[in-house]
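A.B. asks: Those sequence lines, one after another, are chains A and B. Residue numbers for the first sequence follow this note's numbering, beginning at 84 and rising by one. Residue numbers for the second sequence follow this note's numbering, beginning at 84 and rising by one.
FYI, nobody ran anything at the bench for these hints, they're computed from the structure. Do not rely on the hints blindly, as some may be mistaken.
[Said to hold, decoys possible] Simulated coverage check for chain B against chain A, where a stretch passes if three residues somewhere in it have a Cβ under 8 angstroms from a Cβ of chain A:
1) 134-142
2) 177-190
3) 236-243
4) 302-311
[Said to hold, decoys possible] Straight-line alpha carbon distances no greater than 30 angstroms define the calculated DSS-like cross-link-like pairs of lysine-lysine that follow:
5) A/K197 to A/K389
6) B/K142 to B/K389
7) A/K197 to B/K389
8) A/K256 to A/K340
9) A/K296 to A/K256
10) B/K197 to B/K389
11) B/K340 to A/K197
12) A/K340 to A/K296
13) B/K142 to B/K197
14) A/K256 to A/K389
15) A/K197 to B/K142
16) A/K340 to B/K197
17) B/K340 to B/K256
18) A/K256 to B/K197
19) B/K389 to B/K256
For each residue, glycine too, the CB sits at the ideal point set by N, CA and C.
The primary structure of each chain is shown beneath.
There are 2 protein chains.
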Amino acid sequence: MENRSVSEDDVLAQYRTPVDAAIRATFDARGDLPLYGMLQYFMGYIDETLRPATGVAGKRIRSSLLLLIADLFGGAPSALDLAVAVELFHNFTLIHDDIEDNDVERRGRPTVWKLWGVNHGINAGDAQAFITTQHLLKAAAVDPASARASLELTDHFLQVVEGQYLDFELADKPLTHPNVTVDAYLEMIRKKTSVLIGTAVAAGGVAAGCDAKVRDLLFAYGESFGMAYQIADDMSSIWGSVEETGKQAYGDIVERKKTYPILYVRDHTNEPRLVELYSSAAPLSDNDIQEVVAGFDRAGACEATKALGRTYVTQAHEAAQSLPLPQQSIALLTGLVDSLVRFPPYTHAAD
Amino acid sequence: MENRSVSEDDVLAQYRTPVDAAIRATFDARGDLPLYGMLQYFMGYIDETLRPATGVAGKRIRSSLLLLIADLFGGAPSALDLAVAVELFHNFTLIHDDIEDNDVERRGRPTVWKLWGVNHGINAGDAQAFITTQHLLKAAAVDPASARASLELTDHFLQVVEGQYLDFELADKPLTHPNVTVDAYLEMIRKKTSVLIGTAVAAGGVAAGCDAKVRDLLFAYGESFGMAYQIADDMSSIWGSVEETGKQAYGDIVERKKTYPILYVRDHTNEPRLVELYSSAAPLSDNDIQEVVAGFDRAGACEATKALGRTYVTQAHEAAQSLPLPQQSIALLTGLVDSLVRFPPYTHAAD
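In isolation and in its complexed conformation, chain A is listed as follows (with noise of 0.2 angstroms):
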């Protein structure tokens, strides 16, 4: 299932060039005020001292799907302004994300806020969600499907927002509270992540004129794809290394994030010291990092992690499998779910 398919990443890849050309565009006709430059910085258009630079940060794996499905159900022309605003809205919850998880680091990028400070990170992300807008305004005037296709968007839109809420109520709680479960975990990670992923692929469809089946059965695929690769990249952040992941080493058991393995540690196995570190104040050590990574290891959590992860990917493929579509086009989906979702252990570098 990790093997990775050249072709299947070929066909998103090739969706990305026209995303990040729109992007570009649209900061340019902004004009040249620095804090546009703060927002291209971030899309990886240009470098800290603002001059051009060479790559792009990000995968645009939301915005390509957008733009794959829409072409998958005969084209949409609204499709390239949904696909950008749903990559604008993305990445300005990064933005967001990164000043409130005190995150100094990125796609291996000093962070917005961590260059140019909290204010300036929190008015940049700000101009980027109206941006957002824009790009929602000039899909809905298209034609009715895209102005259907950008309501539902944006409905979406809030509940990311509203994931990121249950995110800080989860962060908050002590790992023993009664309402850190299992359950209240998915449902923040289905919001926070799939559900923007379920609703790029639904509006690709939505946009190029599907019936409501057929826009549940997109939504579907795109929300259980998003719930293996936030799972996964959950996975990632302890099993993976920096150069895989472009993020602070061990970021989410330095913050005690209650990602699945420790709740699987605390509810299925016997590891006392384990729940003991997540549950002190302090600071953790390397040491600790280590034991708690060896308890994970001991207590079959990446095991456990990684079943929890593949019935998603299961539950993706058979969504996709009862699209509409020809044979070779359901292959690519299931596919692309593959190729993008990647479990430990890892053979290669995250791009």
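Let chain A serve as the given structure and place chain B on it in line with the hints.
C.D. replies: Okay, now just chain B, sitting in the frame of chain A:
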């Protein structure tokens, strides 16, 4: 000019009720997540324990003006959604501004971040931003004129965020920096405050089917109104009491904001001690603050600032007088400026 006309305030007040009813309904529709309780708190519908409150926080000037103008030009079915969008956007900026300015109180009540922390403050604001977007999309779906109004509002919302960026830039520079000029201050308040009032007024007309010439006059009326309003607001931070402003006493002096009075003193009088106090980094003592206020008064900064504000009052009057409206409606619009823009000495508390 400072004589308050009861009838004009009453005209505006009648529009507050539908705006607040619609905002309450939109929050209610999102369910009972405490995230939305924070937003209801900020609007004044509930208190900090999330129980119903008796009053409403804020005057709803922007949304009421939008509804009034739409009515004066024959009405627009999208006007309420546009008005709600403007009001939600305005309050969204305040929730984030309070974090950025480290303000613990607004409208005589603790700010959102003060009660629930910075992370919730950022995130609750983000939710309000996308509820704003929902109303823009709903309005845009009504007819082409409303779609134009929604797009125009969004473009100007971005200018407000740009204004906040300019505010940071001005605040970060010393008083003696060559870029700290009256023009820079005026451009900052134009984007941060005036453009929003201008676009609210214009949107009411655009949605009601006004042509471009009338739209421009409406924008000019609102923009000049906004300039006068902000200059008067800046004055109230120096010459108003806490009871009148609901804000921290002498907040702008404490934060050494480069508003017009200190720029006037720097450019037109010889008060080296004031320039020195504004150039130091040490917190200002109560004595320092009294010294600043005494210096302002000695230098005639109050009269000079009032004169500046009055030029914008005059411009707003002139724009209103050019509108194709009955004389009674024009008198209402000019009277509203006189009623809402109040310069010292103050004869009664602000509402």
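A.B. asks: Now, for every hint given, state plainly whether the structure supports it.
C.D. replies: Each hint, compared with the structure:
1. Note: the region 134-142 of chain B has 0 residues with beta-carbon separation from chain A under 8 angstroms; the three-residue rule is not met and the coverage is violated.
2. Chain A is given as covering the region 177-190 of chain B, and this holds because 3 residues of the stretch bring a CB closer than 8 angstroms to a CB of that chain, at least three being needed.
3. Remark: the region 236-243 of chain B is confirmed as covered by chain A, as 4 of its residues place a Cβ nearer than 8 angstroms to a Cβ of that chain, reaching the required three.
4. Under the rule that three or more residues need a Cβ within less than 8 angstroms of chain A, the assignment of the region 302-311 of chain B is violated, with 0 such residues.
5. Our distance criterion of 30 angstroms between C-alpha atoms is broken by A/K197 and A/K389, whose separation comes to about 33 angstroms.
6. For the hint linking B/K142 to B/K389, the alpha-carbon distance of about 23 angstroms falls within 30 angstroms, and the restraint holds.
7. As the CA atoms of A/K197 and B/K389 are separated by approximately 41 angstroms, the hinted pair breaks the 30 angstroms bound.
8. Pair hint A/K256 plus A/K340 holds up; C-alpha atoms about 10 angstroms apart against a cutoff of 30 angstroms.
9. With a C-alpha separation of about 39 angstroms, the suggested pair A/K296 and A/K256 falls outside the 30 angstroms cut-off, and the hint is violated.
10. Restraint check for B/K197 and B/K389: not satisfied, since their Cα atoms lie roughly 33 angstroms apart, outside the 30 angstroms limit.
11. Proposed proximity of B/K340 and A/K197 is supported: the alpha carbons are some 24 angstroms apart, at most 30 angstroms.
12. Using a Cα cut-off of 30 angstroms, the hinted pair A/K340 and A/K296 is violated, with the two alpha carbons roughly 36 angstroms apart.
13. Annotation: proposed proximity of B/K142 to B/K197 holds, straight-line Cα distance about 22 angstroms (limit 30 angstroms).
14. Proposed proximity of A/K256 and A/K389 is supported: the alpha carbons are some 25 angstroms apart, at most 30 angstroms.
15. For the hint pairing A/K197 with B/K142, the CA-to-CA distance comes to about 37 angstroms; that exceeds 30 angstroms, so the pair is violated.
16. Distance check on the hinted pair: A/K340 and B/K197 sit about 24 angstroms apart at the alpha-carbon level, within 30 angstroms; holds.
17. Only pairs whose Cα atoms come within 30 angstroms are accepted, and B/K340 paired with B/K256 is accepted, the gap being roughly 10 angstroms.
18. Taken as a hint, the A/K256 and B/K197 pair is honoured in the structure, with Cα atoms around 20 angstroms apart against an allowance of 30 angstroms.
19. Annotation: proposed proximity of B/K389 to B/K256 holds, straight-line Cα distance about 25 angstroms (limit 30 angstroms).
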